[in-house]
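Chains as they are written, first to last, in the working numbering: chain A, 266 to 624; chain B, 266 to 624; chain C, 266 to 624.
Mixed in with the good hints there might be a few duds.
One copy or any two copies: either way a pair holds, since identical chains are not told apart in the list.
Stated by the list, open to error - In silico SDA-like pairs for lysine to any residue, Cα to Cα no more than 25 Å straight-line:
hint: 1; residue 1: 405; residue 2: 364
hint: 2; residue 1: 405; residue 2: 377
hint: 3; residue 1: 560; residue 2: 380
hint: 4; residue 1: 405; residue 2: 339
hint: 5; residue 1: 459; residue 2: 557
hint: 6; residue 1: 405; residue 2: 588
hint: 7; residue 1: 523; residue 2: 606
hint: 8; residue 1: 405; residue 2: 567
hint: 9; residue 1: 405; residue 2: 576
hint: 10; residue 1: 405; residue 2: 594
hint: 11; residue 1: 324; residue 2: 548
hint: 12; residue 1: 405; residue 2: 365
hint: 13; residue 1: 405; residue 2: 344
hint: 14; residue 1: 560; residue 2: 377
hint: 15; residue 1: 405; residue 2: 349
hint: 16; residue 1: 405; residue 2: 583
hint: 17; residue 1: 547; residue 2: 367
It is worth saying that the hints were derived from the structure and are not from the lab.
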Amino acid sequence: MVCAPSKTVIRGEPPLPTDSVNAFYKAMPIRRRVFVLGDRETRSAFKSDLRGRDIVSAKDLSRDELELVFEVADDVLANSSAYSAVLRGRRVALLFVEPSTRTFSSFYIAARRLGGDVLPLNEPEMTSLTKGETLYDTLKMLEGYGVDCIVMRHPSRGAARFAADVVSAPVINAGSGSQEHPTQAILDVYTILKKRGEVDGISLGMLGDLRFSRTVPSLAYLVSNFDDVELHFIAPSALQVRQEVELYLNDRNVKYTKVTRQQDIPDAISRLDVLYVTRLQKERFPDPSEYERLKGSYRVDMDMLRYAKTSLGVMHPLPRVDELDAEIDRTPHAWYFDQASYGLPTRMAIFALVVGEAR
Amino acid sequence: MVCAPSKTVIRGEPPLPTDSVNAFYKAMPIRRRVFVLGDRETRSAFKSDLRGRDIVSAKDLSRDELELVFEVADDVLANSSAYSAVLRGRRVALLFVEPSTRTFSSFYIAARRLGGDVLPLNEPEMTSLTKGETLYDTLKMLEGYGVDCIVMRHPSRGAARFAADVVSAPVINAGSGSQEHPTQAILDVYTILKKRGEVDGISLGMLGDLRFSRTVPSLAYLVSNFDDVELHFIAPSALQVRQEVELYLNDRNVKYTKVTRQQDIPDAISRLDVLYVTRLQKERFPDPSEYERLKGSYRVDMDMLRYAKTSLGVMHPLPRVDELDAEIDRTPHAWYFDQASYGLPTRMAIFALVVGEAR
Amino acid sequence: MVCAPSKTVIRGEPPLPTDSVNAFYKAMPIRRRVFVLGDRETRSAFKSDLRGRDIVSAKDLSRDELELVFEVADDVLANSSAYSAVLRGRRVALLFVEPSTRTFSSFYIAARRLGGDVLPLNEPEMTSLTKGETLYDTLKMLEGYGVDCIVMRHPSRGAARFAADVVSAPVINAGSGSQEHPTQAILDVYTILKKRGEVDGISLGMLGDLRFSRTVPSLAYLVSNFDDVELHFIAPSALQVRQEVELYLNDRNVKYTKVTRQQDIPDAISRLDVLYVTRLQKERFPDPSEYERLKGSYRVDMDMLRYAKTSLGVMHPLPRVDELDAEIDRTPHAWYFDQASYGLPTRMAIFALVVGEAR
Numbered sequence: 266m267v268c269a270p271s272k273t274v275i276r277g278e279p280p281l282p283t284d285s286v287n288a289f290y291k292a293m294p295i296r297r298r299v300f301v302l303g304d305r306e307t308r309s310a311f312k313s314d315l316r317g318r319d320i321v322s323a324k325d326l327s328r329d330e331l332e333l334v335f336e337v338a339d340d341v342l343a344n345s346s347a348y349s350a351v352l353r354g355r356r357v358a359l360l361f362v363e364p365s366t367r368t369f370s371s372f373y374i375a376a377r378r379l380g381g382d383v384l385p386l387n388e389p390e391m392t393s394l395t396k397g398e399t400l401y402d403t404l405k406m407l408e409g410y411g412v413d414c415i416v417m418r419h420p421s422r423g424a425a426r427f428a429a430d431v432v433s434a435p436v437i438n439a440g441s442g443s444q445e446h447p448t449q450a451i452l453d454v455y456t457i458l459k460k461r462g463e464v465d466g467i468s469l470g471m472l473g474d475l476r477f478s479r480t481v482p483s484l485a486y487l488v489s490n491f492d493d494v495e496l497h498f499i500a501p502s503a504l505q506v507r508q509e510v511e512l513y514l515n516d517r518n519v520k521y522t523k524v525t526r527q528q529d530i531p532d533a534i535s536r537l538d539v540l541y542v543t544r545l546q547k548e549r550f551p552d553p554s555e556y557e558r559l560k561g562s563y564r565v566d567m568d569m570l571r572y573a574k575t576s577l578g579v580m581h582p583l584p585r586v587d588e589l590d591a592e593i594d595r596t597p598h599a600w601y602f603d604q605a606s607y608g609l610p611t612r613m614a615i616f617a618l619v620v621g622e623a624r
Numbered sequence: 266m267v268c269a270p271s272k273t274v275i276r277g278e279p280p281l282p283t284d285s286v287n288a289f290y291k292a293m294p295i296r297r298r299v300f301v302l303g304d305r306e307t308r309s310a311f312k313s314d315l316r317g318r319d320i321v322s323a324k325d326l327s328r329d330e331l332e333l334v335f336e337v338a339d340d341v342l343a344n345s346s347a348y349s350a351v352l353r354g355r356r357v358a359l360l361f362v363e364p365s366t367r368t369f370s371s372f373y374i375a376a377r378r379l380g381g382d383v384l385p386l387n388e389p390e391m392t393s394l395t396k397g398e399t400l401y402d403t404l405k406m407l408e409g410y411g412v413d414c415i416v417m418r419h420p421s422r423g424a425a426r427f428a429a430d431v432v433s434a435p436v437i438n439a440g441s442g443s444q445e446h447p448t449q450a451i452l453d454v455y456t457i458l459k460k461r462g463e464v465d466g467i468s469l470g471m472l473g474d475l476r477f478s479r480t481v482p483s484l485a486y487l488v489s490n491f492d493d494v495e496l497h498f499i500a501p502s503a504l505q506v507r508q509e510v511e512l513y514l515n516d517r518n519v520k521y522t523k524v525t526r527q528q529d530i531p532d533a534i535s536r537l538d539v540l541y542v543t544r545l546q547k548e549r550f551p552d553p554s555e556y557e558r559l560k561g562s563y564r565v566d567m568d569m570l571r572y573a574k575t576s577l578g579v580m581h582p583l584p585r586v587d588e589l590d591a592e593i594d595r596t597p598h599a600w601y602f603d604q605a606s607y608g609l610p611t612r613m614a615i616f617a618l619v620v621g622e623a624r
Numbered sequence: 266m267v268c269a270p271s272k273t274v275i276r277g278e279p280p281l282p283t284d285s286v287n288a289f290y291k292a293m294p295i296r297r298r299v300f301v302l303g304d305r306e307t308r309s310a311f312k313s314d315l316r317g318r319d320i321v322s323a324k325d326l327s328r329d330e331l332e333l334v335f336e337v338a339d340d341v342l343a344n345s346s347a348y349s350a351v352l353r354g355r356r357v358a359l360l361f362v363e364p365s366t367r368t369f370s371s372f373y374i375a376a377r378r379l380g381g382d383v384l385p386l387n388e389p390e391m392t393s394l395t396k397g398e399t400l401y402d403t404l405k406m407l408e409g410y411g412v413d414c415i416v417m418r419h420p421s422r423g424a425a426r427f428a429a430d431v432v433s434a435p436v437i438n439a440g441s442g443s444q445e446h447p448t449q450a451i452l453d454v455y456t457i458l459k460k461r462g463e464v465d466g467i468s469l470g471m472l473g474d475l476r477f478s479r480t481v482p483s484l485a486y487l488v489s490n491f492d493d494v495e496l497h498f499i500a501p502s503a504l505q506v507r508q509e510v511e512l513y514l515n516d517r518n519v520k521y522t523k524v525t526r527q528q529d530i531p532d533a534i535s536r537l538d539v540l541y542v543t544r545l546q547k548e549r550f551p552d553p554s555e556y557e558r559l560k561g562s563y564r565v566d567m568d569m570l571r572y573a574k575t576s577l578g579v580m581h582p583l584p585r586v587d588e589l590d591a592e593i594d595r596t597p598h599a600w601y602f603d604q605a606s607y608g609l610p611t612r613m614a615i616f617a618l619v620v621g622e623a624r
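Build the full structure now, drawing on both the sequences and the hints.
Pasting the structure below:
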């Protein structure tokens with residue numbers, strides 16, 4: 266499927282040059298994405314099969330598919346040794362145009378644990394080459410070298426979709442601008458499932474910089490697959506969730522509220538089953554004094570959690586700076602270390618389903 | 266063989282400090298380069314044997330040796346599974362003092378596909394340490410660690426030759442300043458062979474910035490091994506091919522022409538079997554308005570190819586920026602994606618011949 | 266054991282923020298460090314067993330432990346093939362927040378030669394995140410991914426100790442600020458042993474910038490395990506050995522002298538069995554003219570060695586710039602290339618003892 270990259274442009278985030286992108290689409294031979302894996306698998310049409318699939322947007326994943334990933338992640342945790350050869354002979358390129366220790370490590374170890382071979386491409390200097398042309402040529406080159414999967418992080422919106430359209434090997438989006446980060450959202454939902462038992466009926470708050478977060482949209486899209494979900498977006502107006510997210514939630518009839526006034530935060534916190542924290546960054550505020558005025562209200566500490574349910578789970582994609590107090594680490598509210606540890610089994614599950622040898 | 270590094274200095278390119286280089290030569294113990302590979306191979310004298318050889322300059326390769334590489338590359342493409350253990354137990358260091366996604370990836374995957382172990386050293390920060398002394402110590406250290414082959418890219422002329430003289434393990438030049446890039450030229454000639462059937466009798470044009478290109482000299486040197494070759498260097502005077510290349514071609518009686526006037530380009534294009542495109546870079550022109558005036562004439566698009574033979578092949582080392590129009594991608598003129606894909610089998614062949622286990 | 270990081274702060278070297286470090290200590294669950302290796306080993310109490318041990322400071326190593334490392338290093342050199350599976354199934358993270366080609370390569374190859382898997386994390390950009398909080402989260406994440414050992418280089422004092430306290434997997438300090446570099450010191454002492462036959466009774470000089478060196482303190486601590494050692498610290502007052510080193514040596518009754526006047530250098534040199542050279546760096550001098558005045562006296566060349574014993578060994582952690590003349594390379598005084606080559610067997614021995622499969 267060929268989708269034009271979204272045209273929404275976020276401040277400070279370079280869009281891919283759409284004209285040249287379109288020129289490439291026209292120039293590209295149309296390819297069938299047919300995958301022969303192991304000695305018998307082909308890409309089948311049955312809805313939960315992720316074999317050969319690109320993981321570009323959380324929007325593309327159905328509840329069935331998500332539950333398949335979780336089932337495999339459970340199995341990875343229970344029987345990890347059974348997975349040591351699932352990627353044997355497979356080559357995974359990690360093309361990180363924007364650095365990320367955490368996400369890079371997680372994918373690297375996931376692929377190695379499955380017996381796959383990793384081509385580590387940490388290419389921050391390619392940022393100056395975010396032109397579609399160069400990215401296109403780099404991707405075609407990786408394809409020419411026979412890589413079986415490309416995991417890509419890129420500072421531009423639309424970069425992952427572009428890559429998925431350019432190469433026939435499956436592309437896994439490891440973060441595309443502030444647009445999406447679907448595998449982070451998969452591990453986040455898996456964490457909710459493991460810690461809370463179910464996702465249905467959840468009251469989920471997201472707090473901090475929701476406008477520039479790549480995780481928040483992906484998480485909102487994923488949980489919209491579940492029943493009776495209620496979302497609370499807690500952020501100052503300037504950093505509220507983007508319109509594209511609201512449109513999607515409206516479309517799928519997901520209930521959500523936007524909490525923009527400091528004085529409404531305690532009441533919002535009191536309603537939540539899970540609080541997802543992201544950081545306010547000073548540089549996002551046009552007026553620095555505005556940041557100074559607001560930051561205290563968006564710092565999560567024991568004082569703020571006075572209003573919370575005893576069972577409230579606090580999540581954070583880590584590493585934090587100061588938006589989440591270390592005091593909370595010792596309380597049962599702290600879900601974030603478990604959350605971090607679920608990155609490995611979920612990414613192993615994704616690799617196994619998308620590029621793994623049929624077992 | 267110990268050769269003094271060439272003294273030709275290109276603007277913006279740091280030469281190795283020759284005095285200290287000479288001091289090292291004097292200081293170095295003379296070593297026999299003896300290789301025991303597998304359990305029976307030693308470095309033999311027969312002319313096509315590349316075992317243990319440094320690949321520093323395209324000038325060092327004879328036609329026989331080149332054809333041996335191509336023969337093995339053909340075999341790699343036909344029987345790739347037979348090569349999966351050719352570098353087993355071998356350690357290849359990739360010392361990239363200047364970053365290059367494409368060349369780095371190609372060597373990395375080539376070594377891994379042969380079962381070798383890769384030490385990835387992306388060391389752009391070493392650029393500030395281009396002093397001969399530091400490079401010497403780094404190379405001796407790699408030798409001390411028992412690496413079996415060093416693939417090196419370095420921003421200085423002479424760096425690869427220097428390395429080859431310093432360590433006893435074979436050194437493969439992955440680009441040394443604007444001097445040479447022999448493995449790129451090997452894959453380029455292989456592409457010509459595969460697409461055209463033979464190299465003899467070719468009329469080969471090279472267009473763009475020929476003065477600062479590292480690929481153009483290596484390609485010119487390699488094709489001079491073949492019969493009835495005619496080269497056309499198409500570039501403005503300021504960016505014409507360097508004198509050292511002309512001297513070499515004269516020496517070997519290779520026919521070549523220099524096309525420096527814009528109005529002569531169409532006629533030159535019409536004579537070519539293959540057109541090799543490199544990019545004009547604005548920063549190479551002392552006068553920016555000169556660049557603006559010329560750039561249109563050196564941009565390869567369908568309009569320029571009106572004058573070309575139907576069978577003309579267009580080559581480019583990729584990634585391109587805007588010097589090669591995406592329109593051409595869909596035409597049979599576009600050899601450059603195949604060209605990119607030949608990087609892997611040719612580099613696998615080079616590794617197999619130079620450091621591989623005897624089969 | 267939980268030790269507060271030392272509070273000594275060296276100019277230009279960011280200390281870890283102690284308050285937040287303490288907050289983390291309070292927040293951290295206390296963990297038992299229990300290691301089950303292979304199918305029978307547990308961490309035993311007998312004094313020379315290094316299994317599961319952090320290698321943070323040279324101070325923590327006894328003579329028995331050091332001799333165990335040397336014994337295994339000897340065995341590695343004699344029977345390297347017997348070690349090819351000692352780290353099979355083990356994952357070693359190389360977290361280099363500060364780049365180092367040499368140390369990185371040495372650990373990388375050591376782990377690979379033992380059959381271990383390496384997660385290469387070259388993260389100079391993390392330097393801007395030297396806050397304890399971020400490092401804590403990164404370390405917990407690596408632990409969550411199941412790495413079996415973390416080798417860390419970090420520009421801050423105390424960083425390695427902090428890491429060792431945060432994660433239950435063993436931490437190997439590959440350089441922490443200017444504080445320590447214990448594995449370098451281990452290979453240095455091994456070199457002395459191999460070249461001189463014994464360490465007892467040595468007269469060891471250290472020359473150059475002793476104040477900001479991370480190697481000099483570790484080496485001084487290690488040799489203090491041996492009998493009848495005499496140390497000579499040869500440096501201008503501003504760059505003399507740090508007080509913490511003197512306190513330690515006094516405590517252990519190790520004889521040492523400080524040579525601060527240029528005119529006393531020849532006499533000091535004449536007494537030495539081994540001279541350990543480090544570089545004077547111009548930027549360390551508050552007054553640049555002071556540097557110009559002194560540098561000649563601290564440059565080691567054949568002229569300086571006129572005063573030396575015939576058997577004097579010169580050591581240097583390489584790469585050098587100009588503090589050690591290439592003339593010496595050809596003389597028997599030059600121990601530094603052998604020294605560099607001992608990095609591999611000693612680091613293999615350390616890995617084997619600390620995280621290896623029981624044999």
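Inset, instruction - Check each numbered hint against the structure and report the violated ones by number, ascending. - result: 3, 5, 7, 11 and 14
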